[in-house]
Amino acid sequence: MRIMLTSEPAGAGPVPALAAHGIAFSYGREPVLDGVDLAVHAGEFAALAGPNGSGKSTLLRILLGLLTPTSGRVEIFGQAPSDLRERWRVGYVPQRPRIAPDLPATVEEVVAAGRLSKQGWWRRQHAVDRAAIDHAIESVALADQRTKRLSELSGGQQQRALIAKALVAEPRLLILDEPIAGVDVESQRLFRDSLVHLVREHDTAILLVSHELGAVADDLDHVLVLKRSIVFDGPPGDLAATGVSLGVHQEDLPLWLEELR
Amino acid sequence: MIGALTLPGMPWPLPWPFDRSYMQLALVAGVIVGATAPLIGVFLVQKGMSLMGDGIGHVAVAGIGASLLMGTSPTWTALVVAIAAALLIEFLRSRGSATGDLALALVFYGGIAAGVVLASRSATNTNLQPYLFGSILTATANDVWTIVALGAGIAVAMAVAGRALFAVVLDEDSARVSGIPARALNALLAVLTAVTVVAAMRIVGVLLVAALMVLPVATSRMLARSFRGTLVLAVAVGVCSAVLGLVAARQWALAAGGAIVLVAAALFALASIVAGARRAGAQADSILSGPH
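Chains Y and X are the protein sequences, given in the same order. Per the working numbering, residue 1 is the first one in the first sequence, and the count goes up by one each step. Per the working numbering, residue 1 is the first one in the second sequence, and the count goes up by one each step.
Everything labelled a hint here was simulated from the structure, so no lab data went into it. Backbone N, C-alpha and C define an ideal beta-carbon position, used for all residues, glycine too. There could be a bad hint or two in this list.
Claimed, not checked - Footprint (simulated), chain X over chain Y, 3 or more residues, beta carbon under 8 Å: (1) 62-76; (2) 94-105; (3) 117-124; (4) 143-152.
Given these sequences and hints, build the entire structure.
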């Protein structure tokens with residue numbers, strides 16, 4: 001089922017969940033991004049890859065509305081990030097090291113924090129919120145760990161808790177930052193299964209920003225390779241056919257790009 | 001401000017050392033400050049801003065100095081100055097400039113220096129000492145009512161915004177993406193810190209305020225597993241410190257503010273020993289239950 005938005009212009013295709021038009025950004029006089037265009041639609045599983053220093057992190061912050069581009073614009077469900085209502089429609093999984101390692105908080109508390117966007121940050125939890133929290137924790141197979149302190153879990157389990165935190169608000173667009181880095185094989189499999197389930201069954205749009213796409217390479221609809229601008233945009237199979245002549249050094253290549261060659 | 005010397009019905013029928021009205025006023029004020037200071041401190045410690053309370057305490061001295069000069073209420077003048085300084089500090093911090101640290105030092109030391117200079121110009125006999133080191137045993141009913149009002153404000157604010165503040169300390173970017181007003185909540189936390197400092201000023205003094213915001217939190221973080229547990233335990237430790245500190249102050253005629261903070265420090269030391277023993281026990285268990 002595709003979500004049709006009322007703001008959709010007649011005769012055009014569906015409004016993308018996430019779109020960037022001509023994004024440019026520079027730190028001082030150093031250009032980081034130049035003319036970046038991209039679109040991710042509902043029910044689409046996309047990945048954004050690129051060598052170190054390609055501007056991935058900067059683009060991610062711009063897409064999330066945390067950083068204002070020098071020029072160009074971002075649209076989330078057809079609206080500027082700052083104008084977006086129903087913010088729960090956007091889920092974000094940060095890099096795991098961003099979470100303070102000494103934070104005294106249980107898995108359940110961390111996941112419940114993700115529900116605030118849907119329940120209203122000033123409101124108490126209701127039964128529907130508690131049910132969503134239970135479901136999100138179960139969906140990442142952490143039910144036995146729910147009352148454990150986050151810092152007592154393995155890296156992979158912590159990453160799954162952060163994914164549950166993003167999923168608990170039932171987002172329509174999910175953006176993940178390097179979610180597979182340093183994660184064990186079992187967690188990678190669970191991670192892949194839950195993302196594929198979201199895309200196929202719930203028509204969620206996913207943008208995965210990562211170096212390591214091996215675990216999901218077969219499931220991607222769409223790969224974007226960034227090196228200041230988008231240098232490749234298409235299905236993963238086509239990327240292999242290009243011979244990865246992307247002008248990047250061998251050691252900078254994402255692992256999965258080497259596998260595809 | 002002249003008002004009633006006691007709260008309604010005082011002296012209440014409480015056992016020693018809280019059998020006298022002045023001790024009962026001190027008990028009410030101490031319990032409120034012992035509960036609210038760690039409540040705010042939990043968030044400050046998690047944000048790496050343990051010394052924020054100390055800094056705002058320095059600035060509050062400028063408010064006291066100004067009130068002595070102008071003849072205004074020390075508490076309310078200090079509150080206005082402390083809130084203004086807290087918002088300025090939060091603004092400097094949120095800009096994240098490399099000079100932020102120096103800017104904070106300027107605000108803090110400028111504040112205490114201004115307080116000393118202003119107080120020296122005042123014609124009244126009152127000096128800064130009760131505010132620097134606390135003077136809980138001379139607190140009047142009006143002082144205690146003020147502390148009750150400030151404490152109630154903090155409790156209401158935390159009941160409404162506590163969950164969202166947790167989401168902000170967990171990961172500010174995620175919170176902002178999900179529509180939680182992180183900047184406004186950071187400003188709220190700064191204001192609540194200022195309110196706590198002013199409420200605690202008469203109890204432990206501005207120089208020791210930060211200790212009540214930080215020590216009970218350090219204690220509870222070692223023992224609690226959840227954030228909620230950390231909050232509850234920190235409040236319990238803060239209240240215990242206030243009560244035991246007052247008992248010691250009455251028994252041995254000690255300065256109450258210092259006694260309260262020393263009890264908080266002793267509870268921290270005790271918790272370190274318990275946490276250490278617990279870790280050793282867990283290691284022994286894992287060795288015993290390990291593969292044979």
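Each hint tested on the structure:
1. 62-76: Contact hint for the region 62-76 of chain Y vs chain X: holds, 3 residues under 8 Å.
2. 94-105: Satisfied; 8 residues make the cut.
3. 117-124: holds (count 3)
4. 143-152: Held - the region 143-152 of chain Y has 3 residues with a Cβ nearer than 8 Å to chain X, which meets the minimum of three.
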